[in-house]
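Chain A is fixed; fit chain B onto it per the hints.
Line by line, the protein sequences give chains A and B. Counting from 1, position 577 in the first sequence corresponds to residue 577 in our numbering; the numbering is continuous, with no gaps. Counting from 1, position 160 in the second sequence corresponds to residue 1160 in our numbering; the numbering is continuous, with no gaps.
Hints listed in this document are in silico derivations from the structure and should not be mistaken for laboratory results. Any given hint could be a false lead.
Some chain A residues close to chain B (C-beta under 10 Å, calculated; not the full set) [claimed, not checked]:
1) 133
2) 136
3) 137
4) 140
5) 143
6) 147
7) 148
8) 151
9) 280
10) 433
Even glycine gets a Cβ: it sits at the ideal position worked out from N, Cα and C.
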Amino acid sequence: MSTLDKAHTSTRPVPNPKRSLITRLHMGTGVVVGIIIAAIAYYLLKHSVLTYTDGVADPLEPHSNNIVLLGTMFAWSIGFMAGIGAFIGPWRWLIGKDLTDEEILYMAGDGQGVKRYFKYCTDHKVVGIQYLVGVMTLLGVGGTMAMMIRTNLARPGGHFVTATVYNSLVGLHGITMIIAMIIVATGPFGNYVMPIMIGAYDMAFPRLNALSWWVLFTAIPVLCSAWFLGGIPTGWTAYAPLSVQAGPGMNAFIATIIIFAVSTAVAGMNITTTVIAMRTKGMKWNRVPIFVVGSTISVALAIPAFPTFMVAMIMTGLDRTYNTGFFDANMGGSGWLYANLFWIMGHPEVYVILIPGVAALMEIVPVFVRKPLFSYNAAIMGFAGIAGLSILVWAHHMYIAGWAPSLNGAFMVTTEMISIPTGLLFLVLIGTLWRGKPWMKLPMLSVFAFIWDFLIGGITGIYLSDVPADGYLHGSMFVTAHFHFTLMGAALTGAIGGLAYWFPKMTGRMLDEKAGYISFWFVQIGFNVLFFGMFMAGAEGQPRRVMDYAAMFKNSNLVSTIGAYSVGTGMIILLWAVIHSSRHGKVAPMNPWGAKTLEWTVPYPVPLTNFDELPVITSDPYGYGKGK
Amino acid sequence: METATHNEVSGGKRLTSAIAFLFLGVAVVATVGYTLHSVSADSQKKTYATVNGSASVDGKTLPHAFITESVFPDDATARANHVNRTNTHPWPFYTDEHLVLPAHSLITMTLRVYDGGEKLNHDYFAKVVGTVDNMMTVDGQQVSSLDPTEVQHTFTLHGLPTSTQDPLFVNVPLPKVQDADMEKNGSHLVVFSFVTGGAGEYVWNCEYPCGDGTYAKFGAVMGQNGYMSGKVSVVNG
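So here's chain A without its partners, still in its complex pose (with noise of 0.2 Å):
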């Protein structure tokens, strides 16, 4: 039984902590906090670390300008959870003296209407709201980056932007966009509606829950100050020792990614407890809704592969800092390190991104055909597989760095392999398809996209595992299009038919279908035709990552740039739907497709703790055409 579960079985029935310290704290407290605790850090690590001559700072002591820079990003960072009370709950059980129920009911956000989404909730339902937000906004920062860069690219020596910038744009859009499709099905949805779906009062943990959102937020500033020092001149790789010889632009970069990863372990440790410990009587694994284990297996791959990273980050912070040296190879270190550690990381990223909006496309798809999901076994299986081949796959980036050439042959075949689990998804989506008669609402739409662009996106992905192909079309705008077939083609339409699936559950309201139809076809269209010009582009030998190319490269350019600014026009048109339903969108009833899982039990606002009492679950949730 989780905190809350007995808080909301005490007698208190009004949370009213009145002089507890929790009441008066909040975003704004945080910011003031978190600022006045990285200027204290600022001025002492200035003080204490740089050397001066004639009172004015030594520049040619970059390693100690990192140390200053670093130190106040992360000052910043644990400021900011101090001044919302993220440790108060920590402190007060370490002196003996544990919140009170009615404490925790107030961090819960109990009767605090709005105000709850500015504060340390608890509620797992604010949680995935605060995502939804957050993952839009990050999707509208880093969109706008990405037209940027298309309006660079529009034609050869169209110098939109300096090439200092456009090294920037392109890094920074990659990071962001990264961030963003890691959290984009399991942030909102994960938070919001899985617990409810498996029968849980809430998470396992969540005080966890409110700080792996906090940690999350307090990551933007720190990436967004790498514009204000200098940029970052080594794309989203981040690779050494590029990177440990960039600007001060870079240490955003590295604090970023340290303050992300402690985010996402919290997550997915949160979320995988939930779910092994709290699901309601009855709910069997085999009972277990797909989205709910895809989601799981997601967040499980992330607990061991996403540290790398950090890992990497925290190693490259040390050359920069301390002229550590571990990928200097004068100082015995190397940058095949960096490498491998990064894309151990890497590749089971991309299917921590990709398999959420999967599964939510399969929580979709037997619902609007009236069908049992078609081999729930092997949908999983096709989960399980790609997770764990997803981790023995990471050299397949590295055949033309020279590292360990006698192990390409191995990974060309892990990552073939890959192909097979990832056929039984397609297998479970079309069988479950196959013969039914869909009914043509807003998330089907996602679920056709999806297939059409995760099959060009994964057959695209064959040619480049292969050896010798990937020799001729590595570093190229085809590898850039690939991965744009599979991230955004498949995960992020998952997630977009996520929402307007749960949209009706997480605000009360339809969302709108005409401007989900619009946008859905203005980003589509857009988005086939800016990645096929990119194919293009890549299969005649145009490198990615460059600001300028040859004029024999300028008509599939000119297509991409179109198809960019449409992708642009209909995203902004789905953003207006979100907000205009929200507020004025038709009002949902509990259950507005028929589903069967269980958050189309609940009503709208969902209960604090979702269920008066705990469901008993009898059968599997896809039992439509049966009877019961």
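Frame of chain A; chain B shown alone:
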């Protein structure tokens, strides 16, 4: 299923708000783009080559343009030589960042250089490349290369990877001023000429990593425009 609520807005209002939102979104993206374009736009002072007569190169008569600049180890040395420029950092610098040269012309560039130096990382940049006859004069003496251990900086002019403009590559190593001479405000005079093609945008930089003691000397001054790197615009007319 319920179909309407007191909150529902009319179709006209909904369409209007959707279109307004779309314009707002486009405006936000455009504003970000305009801002990035503006802040990254060239704000450097331009230094124009002056055309004075014509010259014959490989049997062709071309306009002859002249341009002069200096290289100083720091602000103090610059001030001692009557050049007032206050830099943010006490780093060596070329006096002019953005050079504007006429297209299809012979350019004669005169560099007065005051800095010391060490050994080049790569001997290639000790050679004179891309000038007329691949030669330059150092204090009046014609040379085609320098001792790689006696170089202070290089003036290396090259293009970005685009096929829409004529290629242009010039590399000129600059001889170092000996330590004893630096104390006496010593310098060298380097003169070289090269021919420009059609209009285009190019960059120049120093290929001798003269940054701080870390990052293999590619940090600090090598990482910021305006000291050891800049732009070259070749323009028609």
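Taking the hints in turn, this is what the structure says about them:
| no. | hint | verdict |
| --- | --- | --- |
| 1 | 133 | violated, 16 Å |
| 2 | 136 | violated, 12 Å |
| 3 | 137 | violated, 12 Å |
| 4 | 140 | holds, 8 Å |
| 5 | 143 | holds, 8 Å |
| 6 | 147 | holds, 5 Å |
| 7 | 148 | holds, 5 Å |
| 8 | 151 | holds, 6 Å |
| 9 | 280 | violated, 28 Å |
| 10 | 433 | violated, 24 Å |
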